Each structure stands twice: as structure tokens, then as C-alpha cells.
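Student: These are the residues of each chain, in order.
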Amino acid sequence: MSTGARRRGIRLPQPDSPGNGSGPDGLSPRSLTPDPTHDSTVGDEDPRSVSRSFPAASGPPEPEYIHNIACVAITAIAFALRFYKINHPDQVVFDEVHFGKFAAYYILREYYFDVHPPFAKLLLGLAGWFVGFDGRFEFEAIGDSYSQHHVPYVGMRAMPAVFGSLTVPVVYQIMKECGFPVVICTFTAALIALDNGHIVQTRLILLDAALIFFIALSLYAYIRFRKVRYSEFSRAWWGWMVATGVFLACSLGCKMVGLFTFFTIGTAVLVDLWDILDIRKKYPMDVVLKHFFARALGLIVVPFIVYSSFFWVHFKVLSHSGTGDSFMSPEFQESLSGNELLMKSHEIRYYDTVTLKHKDTKVFLHSHKERYPLKYKDGRISSQGQQVTGYPHEDLNNQWQVIPSKAIPETGRGRVVRHNDAVQLLHISTQSYLLTHDVASPTMPTNQEVTTIAKEDARSRYNETLFTIDIINGHPGQPWKSKASHFRLVHVPTKVSIWTHPKALPEWAFKQQEVNGNKNSEERTATWFVDDIVIPAEDEDLFSREGGPKEKVVKKMNFFRKYAELQLLALQHNAGLTASHPYASGPINWPFLLSGISFWTNNEKLQQIYMVGNVFGWWTCVVALSVFTGIIGADLLARRRGIQPIPEFVRNRLWNSTGFFFIAWAFHYFPFFLMNRQLFLHHYLPAHLCSVLVTGAVFNFIAGESINYPISVPGPGMRRMPTARSDVGMKAVIAAVLYAIPYLAMFFFLAPLTYGTPGLNGDQVNRRLLLPSWTLHFAGKATTS
Amino acid sequence: MPGPVAVDIGTPSPRSSFEEIQHPTYTAARSNPRYDAASPSWSSSSHQPLVEELPMHYVTDEKARRRIIRAPGSVDPGSSPLTSTREHMPYEMHPPTDHVDDIDDDDGKEVYRRMRVATALRQIPRPPPTTFKEDLIENLPAAIYTLLSCWTRFYQIGKNNHVVWDEAHFGKFGSYYLRREFYFDVHPPLGKMIVGLVGLLSGYNGSFEFKSGDAYPEDVPYVAMRVMLATFGVLMVPLAWYTSRELGFSRRAAHLTTIMVLCDVAWLCISRFILLDSMLLFFTCTTVFCLTKFHSERHDPFEPDWWIWLTLTGISIGCVTSIKWVGFFVTALVGVYTLEDLWEKFGDLKMRKRDYIKHWIARGALLIVLPFIVYMISFKIHFLILNHSGTGDSQMSSLFQANLEGNDFSKNPLEVAFGSKVTFKNMGYGGGLLHSHTQTYPVGSQQQQVTCYHYKDDNNHWRVEKPWTSAPVDDEGDIEFLKHNDVVRLVHTPTGRNLHSHTVAAPVTKLNNEVSCYGNTTTGDAGDHWIVEIVDDMVLGKRQNVPHVRSLTTKLRFKHQQLGCYLVAPNTVLPPWGFKQIEVSCDKENNPNDPHTHWNVESHWNGRLPVGETKFYKSPFFRDFWHLNVAMMTSNNALVPDADKEDILASSPTDWPWLHLGLRMCGWGDNQTKYYLIGNPAVWWSGTASLGICVLVICVYLIRNQRGYRDWGVGEWDHFLYVCKIAGLGWVFQYVPFLIMGRVTYIHHYLPTLYFAVLMVGHLFDHLVFKSRRFSERTKWIIFAIASGIVIGVFWWFRGVAFGIDGPIKEHWGLLWRKTWNIYESH
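These protein sequence lines map, in sequence, to chains A and B.
For what it's worth, the UniProt record's numbering labels the leading residue of the first sequence as 1, then goes sequentially.
For what it's worth, the UniProt record's numbering labels the leading residue of the second sequence as 1, then goes sequentially.
Because the hints were derived from the structure by calculation, they are not lab data.
Fair warning: this is a prediction, and the values are worked out from it, not measured in the lab.
Heads up, the beta-carbon is just placed ideally off N, CA and C, and yes, glycines get one too.
Check before you lean on any hint, since a few could be wrong.
Which stretches of chain B does chain A cover? Using the computed rule of at least three CB atoms under 8 Å from a CB of chain A, they are [as the list claims (entries may be wrong)]:
| # | segment |
| --- | --- |
| 1 | 343-353 |
| 2 | 656-668 |
Residues from chain B that keep clear of chain A, each with C-beta distances beyond 12 Å, as calculated [as the list claims (entries may be wrong)]:
| # | residue |
| --- | --- |
| 3 | 214 |
| 4 | 626 |
| 5 | 796 |
The following block holds chain A by itself, in its conformation from the complex (with noise of 0.2 Å):
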């Protein structure tokens, strides 16, 4: 939108056309008067809040070529630092670990699993196909050599900084739409640009850069949005909105944060949405649900769709079996080519001898000779039982015999096992039944004990050595496979399901695993799969007795199965991601910078890359954050007594426009608190984003006492208005510049941890222990005590 736009005089609205264009602009009868006014960028005003004293436009607004050579100039700082250095260190570093490996897996397109979506994995895929990676590398551990291997890492690195660095330009382009002189913008890019955490973060193989580009790419195109508001459903009008959509779905493409940035647009749209319902706009209901409707389009139809591809796009890439294929159902398994399920499962027969593996803890069902003991420690009694236990590997007592309890043929399909069928499974080396009954188990007083019965004495207690096969997801008549079918085992006189965890049993069954019943039949973590069959009851190929063809064929599977599935498990990995970690740290310790992550170490240079921003940066950002709210709060109380402190429009502004940043901010940031997961210092590098935003304006609001006022594209047929020009002036110019000394300072300082040299001596790390939580390596041991 260029300036001159905004001073073009408008008409009056036409009365005939209420629901293009006009709508906002007053047909009551006060506007008549004064004209409507568009200023506010995001939040809503009411167009007759204007015949209020305007400060005459202080001189001519600041021509549009500064602002450009400003945005280039910072841009170009921007990937100078971005890029220096960038092939330093040539090893692994932090969690290059696993998203090194996820594009390596885009190259070989092997199947794997992660709880993060995947486009920015496919975005870095992409960079490294394109510089001629061959994926052989494993990224296995943290400080492993690129180039001894041969890893063009430099131009897989070189897309997170590119990423990164054009993020500046972004922040510069939200600070000049949302109407703030040269001197506001480039100050609040240059707290992006010149931030070590940005830099440590968005120059190395990881998801944050894109992430963090895609959610400032999102505001901004909502705020052009907002600013064309008065257009309502013109090309621009659209095109904007179906931009954010777009841009959204690309955060949230990136990682699941993205879903903050839709918290945020989407209480922006909620607002919106609530004002143009206000009978005082004039909307007849039909428009205001139109404009519902595009909105539900732009920002939610068309993400999810966007945001779907991403995953369609996945799954075309990885047709293979690789290492994510245990986490998925045997159905999804068997989609891919080479997967191991695919190749060797089989229909189960009666009288197989087969294994049987626990789904989660990959033991045995495994029994010996030795008895429970007949009292435990905690003074209980068991039945002296033969043992039932988890056992992790090969042994010949983990196999199981399937026998019948009804009548099957001689021969033929009749004998395959099938979903539901009730079963007795014998223990070929002790030839006894598995059997449990009501007797508590040896660690856990409200499980069954599971037990085996020998042979010769089973017919009496006949009823208690039954088990049904509950395939999950079965259906009547499935058959019953080895590896493809995951089931529970549900006794059947006590509707208990055979399970395990991963608690060991005393010395007395030599440390393996309890096996016990578990009164929730529909336990999930009762899942079992038949990991073998042994012995076929025939003595036939396990291929010709099922009559098929030895090579299978790779199964197709719905698309939208395999994404609700993956869906799903992610969100169940995603919380139970609750490891401790030597570099996590709680929210609450981010906005000052209490702790950072050290990414990666060389012992013989003494180099080491420490992630942790700029301090003064930050700092100035928390106060930035606190005076905002203070103001906000000054102002409700103020107002509450019947006092205006700030003149109308700058107020407006600052609930509106800033306001929408700050609750950019409070919804990427607060969040975390809700969540038990493993929490980083980079998940705040979002929020921070949205905290320099708040900085940048509070500092205008500070430094002068107007904004360049409207800023929004007028619509058609509406009329002049009065216009306000920021004042900051000369002094904001100085005022930055005495800021950028300190802050620059602190850059240079800190560059060493961040860019991983020059190497730093045990006094030099010293120095740069500017907080005391900070645990930077090599630190010297004179001043520690």
C-alpha cells in the first residue's frame, strides 16, 4: 500500500450498495458529520469515533525508498550473519541428530516416525537431495564429522539460515504496515537480526528457522489483510486471507506450535467477526455470514488442505520400510515396500507352535519350570505356580502350542485361528497349559497371577486354561496372522487380558519381567502379536499352505487412514515425551534467559556452541512486555475514573494493533506452562518474535506522542480523514543508536558461543557466564569455588 493511497479523497458511500464496501461507513445519521476513519490494524473501530482533535500531520511522511534501502540494509546484515561461518563447526551438532537423519530418510524414502510435521523435514529433504546428499550418512551422534563422510551439509545448513535470515525482512515489512517510521522498524529487525538465539538456531539442520519465518509470515499477511478490510471481498481482500491460511498451515506444517499462531489469528478473526456482527455496522445478516464463511474458508479449509498435502506428500516419499514401521498399526506396515511384516506374516493354524511378543516392551511370553515362591516379602501367599514371565530374548521356552477347544477339519481353512476363537496355549518344553486364576500376582495385589498347569491335571480346571485371540480392530471370521495381527489375550471365566511391564521380578525368577492379568480386559498396553511360527502344524512351506504367491504385493492403504493414524500417535508420543534432559528448562526461566542448551562441544579447540540470546535483547523485550501491560493497565483504570490519558487513535493503536502482538506473545508463550512435556529454550524463540513486535511499539509509544494515522486502504466511495503523522523524530533516531552500542556489545560478545569459535579459555568462558544458571563448558576452575 503506498502512501499516497491513503490521502486519496474518498466519497461518500452509496446508499445502495450495503453490503460492498460500504458497510463499515456510518449511514447513521452521526455520520453524517464526520467521516469514518480507518486506522487501526487489527481490533476493530467504530468509524464514528473521529471528530476528536487531531495533531496536524507533522510534515511530509517518510518517502518509501527509505524505508526499502532500511529493510535491504537490514536484510543483508541479516544473512551476513546468518552465513558466517556457517560451515563451522563440520560436525553434528544438538538436534542436527535427528533432523539430518529425517532428510537423510526423505532421500533413502524410508519409512520413519517423529512427532513433528513434516514439512519442514521435507523442506530440509529437499535442500539436501538438491545439493547431491546420497543420505548414507546416519547423524548418529553429536560431533560426528561431515566431512570425513562426505555430507554436503553446508547447503543443507543454508536452508534454515536463508529462513532465518529472511525473516528480518518480515519483521521489518509487520513494523512498516502496522504504520511505524523507518527508525521503529529497523530497530525492532535489528532485535531479530542481531539476536544470538536466532542465529545459533536458524543456521543449523533444524525445523526452527522455517517455523519461525512461516508464523511472522502469517502475521504479516494477516495484518495486510486487516489493513484491506474496507474492500471487503476484492481480490486483495482475498488474496490476503488465503495467504494467512496458507502461511499458517506452513507453521503448522513445521511443527505443532504453529497451532499457537492459529490461536492467535484465529481470536484476531473471532474479534473481527464479533464487530461486524454489531448491528451498528450495518451488516445484514446475510453478509455478516458470508464474511463468516470466507473466514472459515481461508483460514480453516484451506490450511487443513495445505496442511494435509504436506502429509500426502510424505507418505508419497516414503514408500519404504525403514525404522518408524513398529510404531505403526499392521495395516499401515504393510503399505510399505520391504517392510518385514509384509514379507513374513501368516495365517495362524491350530496346533502351531508360534511366539508371542508384547507389543510395547518386546519380551516373550515366557514360562520355566521354577514355581513362585510360596510367600513373598510382603507377607502374601501365591499358588507355587510354574512362573510365567517376560523374557527379551530367543529361547525355546518362549514357544507355545495353539490347541483348539472345538472340533476343527483335517485339513484346510477350517483349521485357521480367527478372530475371537477361544484357545488353549500349551508350553512345548514343560507341556503345560497357561493358565491364570484368581490369585494376586507377585508385585501388584490387584492383578491375576498368570501360571501354566501341567498337562495331565488341566482337565479338571479345563475352563481356566482358556483364552480368546481379541484381534484389535478385528472383525468376525479375520483370520488370525503372525506379526500383522496385534491382539489381546482375554481369559475367558475371568475377562482378564494377559499383560506385562516392565517390572522385574525379584531374584527368585531371575529378574525377568512380570506377566500378570490385568483386570482391564480392554487395556491398550495388553496388545500382543505373534512374533513367529516355529513349527507349522503341517509340514508344509508356510507360503504353499496359504496358497499365495511367495513375492507379496505392497497393500494400499486410504490415505486418510494413514494420516489419522500417524496423526494420532504423534499427539500420544508428543506427551509422552517426559525424559528429563540435562539442557531442559521450564517456562518460566525463557523470557530472562535463565538457562541455555549447549549444542555442541569441541575438547581440543576449546569451541563450543551455547544457544542463548542476546541478553540485552531479551531483557529489553521482558521490560518492553511489562510496560505494555502497565500502560494498558494505567489506561483501564484511568478511564475508569473518567480521565483519557492517551489520545483516542494512539490508544486505539496500542489495544489493537499492539494488543494483537501481545497476544501473539501470551499464545505462543503461556502454553507451555499447560504442558509436561520436555520443554527448550528454542520453544520461546516464536514468542520472542512476538515480544520484539510489543518492543518495537512501545518503544514508539514512548518516544513520541502520535503514529502515522490511517494506515489502512481505504474502501471504495469512502471520504477523506483526518490523517496523523508520527513524530518519534531525531531523538528516537539517537535513542537507538545509544541502544544499538550496548546490544551490539553484547553480540560481539557472545558471538564466540554462539558461532562455535574462536575457542575460549577458562577466563574468557568465565567472563561470559553472565548469569549464574548458565552451565557453559570449559569454564576455569579459578573462580569457581
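Mind docking chain B on chain A? Use the hints.
Tutor: Leaving out everything else, chain B in the frame of chain A:
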């Protein structure tokens, strides 16, 4: 007082700049309070349109919402808004005014405008009933319901003559008051003192053990005790009646609410035993009742009635929090109500500053200080009654224990010498006694464990010995008292091992050094040496004035001689291998003010020293009060669900609103009288549904308002919202904390919460049916009859679970309304 008379405003205010545009619907527009009141010219001149008689009297049955029906030919959304506006202005709601500021565009201001309405338009409270007939109509139902409730609560109350469920705890705690023995429990004392009082009144001597499932012997008047406690449950019912009337419910709605309170089987069941819940419920109800009473008095601030109800609210809060800490949640409701009220008054520019400050002070004094005093008084009485040594001693400071009768601390020799046998008490809140036992650490050094333990036991005994470097204590020689900076070796007397530390990470607090017991009377090393540092003495004062370590009063720290670390017990709990006792470790940081590094000598034995005659140990009340509260908090937080042990009785908060689970309150044998804690499904399900419906209704009204429909008369919306806030926010404050807190929860925790859901049901029925104009009187009667019929019917169906089921449970069919209930078979 009657409202001001409607004034003709045929001529618009001369200050308006819009006279030239004559709005046909001008007066109608003015009647909308929301926009009207915003205009200062309105509130000052108090012009009233003729459309309605304003202000409304208290919301009554007869008043229904009015809808302004669009005039025929008025705006068709498709037609030109300009022309239609000029002609009909059905959407136009702005009072013409020259104050631009009044119409604003950001949300912040909208809020104010709405609030200004509330202050500008005062609702006149219903005058008290004057005639005998009115009195009768108002109070007769309450009396009848009270009688009915007496019947349900007292009917066959002594049927099960065994200790049922938590009677085992609360009966026992009541007995302690009668025996005057100090005990420790996670709940504040008021409820249990009432149990004790009830026991006293009914002539119980406090000798019964209250073992779970035992039959009551002849001399325990358990029926009388149950009856007295059930009285609290009885009183819930009339309170529900008066509360709903005070909330402006129509009679029918009030009847329905009261019937629901009367007929819930969970409330009934829980009220019939010696438990705290009936009291908790009662005081929750009184708090809400007092708050609504106070709300009705809000237009006459600083009048006697206003003070009375504010004071009663404060006392009620004090009582409810003194019974169980969950009572604090209802306090949150009062708090939010008060803050909103004060915020509203903050915007009232006409109020004098002095008055405003007075409002603050009144609230602070009566809603914060007064409840706190009530809470403290209950503890003061608690300490006064329990002046004998008992099971809970060790939770308290040594000094407190010294004041309990039957405690031998006062016989301690005063000054500690080498060769003394002592126990060390950690002075941190909830700190225990330094303890060791033969079990070893499964991690780290694998040496003998050292922990903090809360109960008296020989394993807490330590002997103060000389370090390895000096000659052992000579039993014949001079007595050498323990001084500041003395190096000691502490020998665990039962095992003969020495208190030891080394550079092995502690099992839980990995940053600290592990502390273990190592060696024996002959083997050991410098790792067994500890430097005694005297911090101060409670009687003698600063370190300089303390020549020797005294038992009980001297505060000590133990510094490891080799490592320089300090012996600390920071309330971290060891895993099951350590029997969940408290970890003891050696802290590398020197924090002189950390009370967890402070220890005092508690018991002290030394045959060579004279027995102390010290009765000058005084324990200040505030310290004991604070100490006990922190200890309660610590134990409460330790009540976490045990992952290894599946607690069949526990349930998660998400199970409650839809009555997913019930709870067996006693044994389930065929010849036992069985009680099953389960709600009346009609009450619980409708309660939960009403909360969702309420949100929906509010959204619909907001959207309608945004679209210019005028559904409300003056003050009606505010009143509707006020009741929604009391019921809805009350429910949220009572429920959501359970979702967040880590401790194990049971279904009876939902019972106070349910009260708010029931109020919401009444409110919605009232608003949507009984006060609606859409329904005829007959329809209203029918709906009322059906609703209350269902509640009563379901109650009758389930009455057995509260009155007690005899005989095999299988013979009582039809009770399994949800498959998850373990009423017939345990899952």
C-alpha cells in the same frame, strides 16, 4: 423505595446535536439501558421513556422478557439501510449525543458502558413480606422441606451399627478431643472438634478405637452422634430454599431447586455418618446464602443489615475453610464477586473517595481478616483442648511437644554433653527426626540409609561421640559439654554405625552429597566427622550467649568437616525403597537461613547429668499455628495417587459430572448393610447439562444483543448474569482446582460443587420456563410437575443406596444405570 416516576421526554435534550433528525423510534431506543445509560446527559437528568415503567421492581414471576417486534415494513436486510434507517430506525440504538467519547470502538470501553448501567440503574430490593400471609407463603415451604429433610436424613440412621467408611478417621479424631491427646491430620480442626463436641453431648467417653468395619459397642452413642451431624445436612435444604428465593427465583424454581437438594442421594448418604462432609456442605451453603443476602443489601451500604450480612459471610467463610481446605474454593467465588463489586464502584465517579476506601476496608476486614481470625481461633481451641501427648506429636516442633502433658522432654537433661544419647529434630516445617535403618541405598554408595522419620522409634537414637582423632568419651572422667565448633561423630545406637557423608550424589537431590551410615564402633574415617555450629538459642538468644548446646531450644547446624557441606532434610520424599521417608543429604551450598539445615536436640538421655526441671519452654501460638499448617500442606501434597497401587475408591475429577463412578462405602457382604455413594442421576446429569446450556444461552443473548434485539428490561440482564456468575463461576471454582491438583481425589469431593450446578438448574428453569411468557400457567405447572416428579422418582428408586441395602445386592435390581458403576460386581 419506589422507583422514580417516568418522565416525559418528548423534547430531546437541547445539548444533542441531532435535533434535526427526528427518529420515530427515539423513545424506544432510549429505553435500551445499555446505550442509554452511557450518556451522561441521561443519567444526570434521569429522563425516562414512557415505554416501560421503570425501574423494574424485583424480578417477579409475572415479569417476562419483552421483545421489541419489528414494525411491519421495517428494515429488510436487503433493502437500503440508509432509507430504512431514516424511516424506521429499528437498528438505531444510539442516543443522540454530542459526547463523542461515549461511543467507542474498542472492547475495553464497552465493558465500562455496561458496568455503568449497573451502577446507574439500581434495582430496588424486594420489600420484606409484611403480612402474615406473605410470611407464611415464604416460610411455610421451608418448614415443610425441613421436616421432609429431617425424615430422609434421620430415617434408620443407626441401621448399620458398624464403623462405616471414613467414620474410622473422623470418629477417631473426635475421640482424641475427648481424650485430649494430640493427633495430626491433614484437615483443619473445626469439623473434627464439632465431632468431638457431638460425642461429648451424647455422652461418649472417647475410648472407642473406630477401627474400620468394627461394630459399635454399647457405650458408643453412635446414633446420637450421627443424628447431630446429620442435622447439618438437614439444614442444607431450607438454606437452598432461601438462597434461591434470594437469588430472585420464582416460587416454582425455588421449589424445584429445593426438591433437588432434598432428593439427591449422594448428599443424603454422606450426611448420615460421622463425617465432615455434612458440615462442609452446610457451610458452603451458608456462604452462598450470606453472599446473596449481602448482594441484596448492596444499595444500602454501611446500614446495619449490610454489616450483618457481610459479617456473616466472613464468619461462614472462616467456618468452611476451617473444616476442610476445599472450602477455600467457595471463598474464591466471594473474592471474585467482591473484586467485581469494587471495580464497579471504582468507576462510580459520584461516590466519595472516603466511601470508596471505606468499602475496601470493610471488605478487607470482614472477608479476609475475620475469616482468618475464625480459622485461627479454631486452631487455638484445638491446641487448648489437645494438651496431652499423642500420636501426632512428632509433626510439631520439639518445643511444642515439651508442653504436652505426658511427654518426657521436660525431663531431658538441659545441656548436651559428649556421650549423651539424643534424637535430632529437623526444624524445617514438617521436618522429622534424623533416622537410619539397616536397609541400604540401592543406588549410590549402597551404604545404610539415613532418612527423616516422623514417628518415635529407637532408630532415631544417636550418641554424640568424640571424633576418631581424639580419645573416646571417658565415662568416669569430667563431663564435657558440647560447644560451638566442636567436632563430633554421631553414632546410630541401634546399628552402631556412624553418620557419614562422601562425594556420592544423593539419591533424589542429585546436586547434594549422599549421607549414609557407615563403619562401626571401630572402623571409620574422617568422613564421619561433623562440626556442630550453634545458630542461636530460643531462650538464651544469640550464639555468643550460648555456652553449651541445650536440648530443645538450641538451633544447630551440622557441617561436614571434610566436604564443608551441611546436613539437610529438604522434604524430598524417597522412592518406595526408602519407605517414602524424607531424604537426608548434605547440601554443598551454605544457606544459613534454610530451616531445613537447622536441627535441635529433641530427646536427650544422659544418666550422668541431672534431670532438667525446665518448664520455661514456651511455644508461641503463631509459630505452632504456622508450623502445623505447613505440615498439613506437606502431607496433603504427599497424598498423590500411587502409581503402583490402584486405588479402587479413587476417581478422577472427569468422572464426576456425568456420574461415571460410584463408591462403595463399606463391605459388600450379603449380610451387611450396604451404602453406595452415588448421586441422583437426574440431579447430577441435569446439573452438568445446565452448565453447558447456560453458556449457550449467554452466547445466544450476546449475539442477539449484538444484532440489536432487545430482550431485556432494565437491570434484568445484570441480574440474569449475576445468578449465572454465582452458580457458574461457583461451580468452576469448586471444580477446576481438582483437575489441576495432583493429590488423589474421590467422588465426595464433588459434592460441594454439585450445589452450584443445582442452583444453575433452578436458574435456567426459572429463566427459560417459569418466567417465560411463551408458556401458559398450565404448561408451567406441567413442566414443574414433570421435572420434580422425575427428581423425586429417581430418588425413590435409589433411596436404598443411602438408607442402606440389606441382603444380597443382586436382589435389588435396576440400580446399574451406568456400566461403570461397581454396584453389583467389582471391576
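Student: All the hints need checking, so say for each whether the structure fits it.
Tutor: Cross-check of the supplied hints:
1. Interface restraint, the segment 343-353 of chain B with chain A: holds (4 residues with C-beta to C-beta distance below 8 Å; minimum three).
2. Coverage of a stretch by a chain is defined here by at least three residues with a beta carbon nearer than 8 Å to that chain's beta carbons; for the segment 656-668 of chain B and chain A the count is 0, and the condition is violated.
3. The claim that residue 214 of chain B lies off the interface holds: its Cβ sits roughly 22 Å from the closest Cβ of chain A, which is beyond the 12 Å cut-off.
4. For residue 626 of chain B, the condition that its CB be more than 12 Å from all CB atoms of chain A holds, with the nearest at approximately 27 Å.
5. Distance check for residue 796 of chain B against chain A: the nearest CB is about 34 Å away, which clears 12 Å, and the non-interface claim stands.
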